[in-house]
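Engineer: First to last, the sequence lines map onto chains U and G. The first sequence: position 272 = 272 (our numbering), numbered continuously. The second sequence: position 124 = 124 (our numbering), numbered continuously.
Keep in mind that a hint or two might mislead.
[Said to hold, decoys possible] From chain U, some residues computed to sit far from chain G (all C-beta separations above 10 Å):
#1 131
#2 133
#3 141
#4 150
#5 159
#6 193
#7 199
#8 240
#9 241
#10 295
[What the hints assert, rightly or not] If you want a taste of the chain G side facing chain U, the calculated C-beta under 8 Å gives, among others:
#11 15
#12 76
#13 87
#14 128
#15 137
#16 143
#17 144
#18 152
#19 154
#20 155
#21 156
#22 162
#23 163
[To be verified] Label pairs and their in silico Cβ distance ranges:
#24 G:79 <-> U:41: 45 to 55 Å
#25 G:79 <-> U:289: 23 to 33 Å
#26 G:76 <-> U:36: 38 to 48 Å
What the hints contain is simulated information worked out from the structure, not anything from laboratory work. Note that the Cβ used here is the ideal one computed from N, Cα and C, for glycine as well.
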Amino acid sequence: MAGERATLGVGRETLAVPQHHIVATPPPFDQPPYPADIFAGQTVLVTGGGSGMGLAMAKAFAQGGAQVAVMGRSMERAEEGAAQIAALGVRAHAMSCDVRQPEAIAAAFDEAERELGPIGLLANNAGANFPILAEDISPNAWNAVTRIAIDGTFLCSAEFARRRIARGEGGAIVNNSAQYIWTGFPGDAHSAAAKTAQATMTKKLAADWAPYGIRVNAIAAGFFPHDTSTAGRREGGIAPLQNMIPAGRTGNIWEFGWLSAMTCTPLFGGMTGQVIVQDGGESLRRSLMMPDFVPPRERADGPWGWQ
Amino acid sequence: MSGWLNGKRARIEGECPAVASALAAQGASLVDAGDCDIWVHIAPPPPVKLAHDLTHAEWRASLDAGLDRRFLGAKDFAGRCRARGTGGAILFVGAPEQALGADQAAAVGALGNLTKTLGVEWARDGIRVNSVLTRDAGATLGNLAAYLVSDYAAYVTGAVMGIDLDD
Numbered sequence: 001m002a003g004e005r006a007t008l009g010v011g012r013e014t015l016a017v018p019q020h021h022i023v024a025t026p027p028p029f030d031q032p033p034y035p036a037d038i039f040a041g042q043t044v045l046v047t048g049g050g051s052g053m054g055l056a057m058a059k060a061f062a063q064g065g066a067q068v069a070v071m072g073r074s075m076e077r078a079e080e081g082a083a084q085i086a087a088l089g090v091r092a093h094a095m096s097c098d099v100r101q102p103e104a105i106a107a108a109f110d111e112a113e114r115e116l117g118p119i120g121l122l123a124n125n126a127g128a129n130f131p132i133l134a135e136d137i138s139p140n141a142w143n144a145v146t147r148i149a150i151d152g153t154f155l156c157s158a159e160f161a162r163r164r165i166a167r168g169e170g171g172a173i174v175n176n177s178a179q180y181i182w183t184g185f186p187g188d189a190h191s192a193a194a195k196t197a198q199a200t201m202t203k204k205l206a207a208d209w210a211p212y213g214i215r216v217n218a219i220a221a222g223f224f225p226h227d228t229s230t231a232g233r234r235e236g237g238i239a240p241l242q243n244m245i246p247a248g249r250t251g252n253i254w255e256f257g258w259l260s261a262m263t264c265t266p267l268f269g270g271m272t273g274q275v276i277v278q279d280g281g282e283s284l285r286r287s288l289m290m291p292d293f294v295p296p297r298e299r300a301d302g303p304w305g306w307q
Numbered sequence: 001m002s003g004w005l006n007g008k009r010a011r012i013e014g015e016c017p018a019v020a021s022a023l024a025a026q027g028a029s030l031v032d033a034g035d036c037d038i039w040v041h042i043a044p045p046p047p048v049k050l051a052h053d054l055t056h057a058e059w060r061a062s063l064d065a066g067l068d069r070r071f072l073g074a075k076d077f078a079g080r081c082r083a084r085g086t087g088g089a090i091l092f093v094g095a096p097e098q099a100l101g102a103d104q105a106a107a108v109g110a111l112g113n114l115t116k117t118l119g120v121e122w123a124r125d126g127i128r129v130n131s132v133l134t135r136d137a138g139a140t141l142g143n144l145a146a147y148l149v150s151d152y153a154a155y156v157t158g159a160v161m162g163i164d165l166d167d
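Isolated chain U, as found in the complex:
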């Protein structure tokens, strides 16, 4: 029954959808889907791992016993994240790095490997995103969003792969993409471009590196509100957002972390080149009869319309 299912994760009382709707919920954070030693002896590097979705990825790897190198633009944030990861019982090391700079990436990999040993797993999460009209995106803003995600994912992945190939060992990469990569994202043009590039390069990188035993997959993530997301800062909390998603709720951030880490486990050892959508059906919501179309610039409260 709905009430019984709700006890597994999100409490029913926190949901905004009608009581007679049934909402599928995941197990709680302390019950990961894999054993605590599935990544034992391995090191993962998580870009943008100090907060938000990257921190969720990092925690999920830590729950499987991986040592975690946390890379962030802000050293302070990376250190805060590393402290939370270390609290799960694994070694963690914080680093500051701009993923648009290949030399800086190589230096960060060197530092991480000195501290924690060879990096055999990589989670590309570094990214920036903010709602804005396309005509208001400055060249600097465009470059910031697209190059962190596109160049950053490519450069970190290539650095990772060169090191794995040199060692004669395989590895696994997971990329944080987004559910709007198939539909566009009016009011968020820079991120629409950036996140799709991450997904399409996932397939080609997987093909290029399959002979070396390096797997590459991506999660096309939906709405996983957290402290540092635009949605997480929304006045009134996330409850009103739950009604708009077919699943009846926003995602729990550990669900995203788990699926990301899961693609890197031996359990999914044959999987590569896949982009898995995890969005509670949000990107598929569709009806011939919909509310009137309002161009992003004419929405009363900004490009996403609900700020």
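Please arrange chain G on chain U, whose structure you already have, making use of the hints.
Structural biologist: Chain G alone, transformed into the frame defined by chain U:
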């Protein structure tokens, strides 16, 4: 490594030893009839023929097995879930869209968009619908299937995925 499906009853229609053993290993009770929480349909691959060599009967048989039976089975499963007021999980497993003949291309293209449609149409019934389209029949397929029908995939619905580069 077990327990994703503890307490769940799963009905598997079609043959795939990797899927059956993975679901059982994760704690699911495999049932042949009656109420179930999980319905997995595994389509047998139809023989590969050039389109102009396919008879209408062969075409129809392939679409019956690869599309019609899956829709009707899903509809029946979802109806039973609604009747008892519980959610559920549906998973379609089969070969990729372009892997075989034109009959397969039609059936699997239709199935993919059906997966996306039913995943949303039944979302508020707590019923999730996903597809894995692959030529893989090994342990990764079994583990992926078990994951997708478990509560760990509670936020995954309407997803169509493969496993390897050929999918």
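Engineer: Each of the hints needs a verdict: does it hold here or not?
Structural biologist: Hint-by-hint comparison with the structure:
1. Residue-level check passed: residue 131 of chain U sits 23 Å from the nearest beta carbon of chain G, beyond 10 Å.
2. Look at residue 133 of chain U: its CB is around 29 Å from the nearest CB on chain G, clear of 10 Å, so calling it non-interface holds up.
3. The non-interface label for residue 141 of chain U is consistent with chain G: the shortest C-beta to C-beta separation is roughly 30 Å, beyond 10 Å.
4. Taking the minimum C-beta to C-beta distance to chain G, about 22 Å, the non-interface status of residue 150 of chain U holds against the 10 Å cut.
5. No Cβ of chain G approaches the Cβ of residue 159 of chain U within 10 Å, the least distance being about 22 Å, so the stated non-interface status holds.
6. No beta-carbon of chain G is positioned within 10 Å of the beta-carbon of residue 193 of chain U; the least distance is around 23 Å.
7. With a minimum CB-CB distance of about 12 Å to chain G, residue 199 of chain U clears the 10 Å threshold, and the non-interface call stands.
8. Annotated as non-interface, residue 240 of chain U keeps its C-beta farther than 10 Å from every C-beta of chain G; the closest such distance is 17 Å.
9. Every CB of chain G lies more than 10 Å from the CB of residue 241 of chain U, the least distance being 14 Å, so the non-interface label holds.
10. Annotated as non-interface, residue 295 of chain U keeps its C-beta farther than 10 Å from every C-beta of chain G; the closest such distance is 25 Å.
11. For residue 15 of chain G, the interface hint is violated, since its Cβ never comes within 8 Å of a Cβ in chain U; the closest pair sits about 19 Å apart.
12. Checking residue 76 of chain G against chain U: minimum C-beta separation of about 18 Å lies over 8 Å; hint violated.
13. A cut of 8 Å between beta carbons decides the hint on residue 87 of chain G: the least distance to chain U is about 5 Å, and the hint holds.
14. With 8 Å as the threshold, the beta carbon of residue 128 of chain G comes within range of chain U, its nearest partner Cβ sitting at about 6 Å, so the hint holds.
15. For residue 137 of chain G, the interface hint is violated, the least distance from its beta-carbon to any beta-carbon of chain U being 10 Å, above 8 Å.
16. Using the Cβ-Cβ criterion of 8 Å, the hint placing residue 143 of chain G at the interface with chain U is satisfied: the shortest such distance is roughly 4 Å.
17. Interface hint status for residue 144 of chain G: upheld, as the beta-carbon distance to the closest one in chain U is roughly 6 Å, under 8 Å.
18. Residue-level restraint check for residue 152 of chain G holds (minimum Cβ-Cβ distance to chain U is 5 Å; threshold 8 Å).
19. Of the supplied interface hints, the one on residue 154 of chain G holds, with its beta-carbon coming within about 4 Å of a beta-carbon of chain U, less than 8 Å.
20. About 5 Å separates the beta-carbon of residue 155 of chain G from the nearest beta-carbon of chain U, less than 8 Å, and the hint is met.
21. Hint status for residue 156 of chain G relative to chain U: holds, with the closest Cβ pair at about 5 Å, below 8 Å.
22. Interface hint at residue 162 of chain G: satisfied, since its Cβ lies 6 Å from the closest Cβ of chain U, which is below the 8 Å cut-off.
23. A cut of 8 Å between beta carbons decides the hint on residue 163 of chain G: the least distance to chain U is about 5 Å, and the hint holds.
24. Look at residue 79 of chain G against residue 41 of chain U: about 49 Å separates their beta carbons, and that is inside 45 to 55 Å.
25. Checked against the hint of 23 to 33 Å, the pair residue 79 of chain G and residue 289 of chain U passes, with Cβ atoms roughly 25 Å apart.
26. A beta carbon spacing of about 40 Å between residue 76 of chain G and residue 36 of chain U agrees with the range 38 to 48 Å that was offered as a hint.
Figure legend: structure checked against the earlier numbered hints; hints not met, in rising order: 11, 12 and 15.
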